[in-house]
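Start counting the sequence shown at 116; every next residue gets the next number (the numbering used here).
What the hints contain is simulated information worked out from the structure, not anything from laboratory work. Be aware that one or more of the hints could be misleading.
[Stated by the list, open to error] With a straight-line Cα cutoff of 27 Å, these simulated DSSO-like cross-link-like pairs (lysine-lysine) come out: (1) LYS160 - LYS186; (2) LYS196 - LYS186; (3) LYS160 - LYS196.
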Amino acid sequence: GDDESTAMLTQELLVYLAMFIRTEPQLFHEMLRLRVGLIIQVMAKELSRTLNCDGEQASEHLLNLSPFEMKNLLHHILSGKEFAINSVARGNISIVSCKSSRV
């Protein structure tokens, strides 16, 4: 059930976090701890906020993200970059960067 899904999601995020630590260590500058459970909560909250759905639906969306979209969402959250979440066909969603408005 939920525990199994959370364990699988945690493992997937740990793989992506390890990749980011290796390739973009600046994302983790001055971080002493990574709390994967809190990262999952933030990811679900962002989905809930941007898709205008409740927490349960957001969790379902999170569990159904493609590996690419999961990694993309995690990167946007860690980097603090603005992003948008678009609904696409068959209930799938797409995470896209927002263009910077700096001139």
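Hints broken by the structure, by number, lowest first?
-> Failing hints: none at all.
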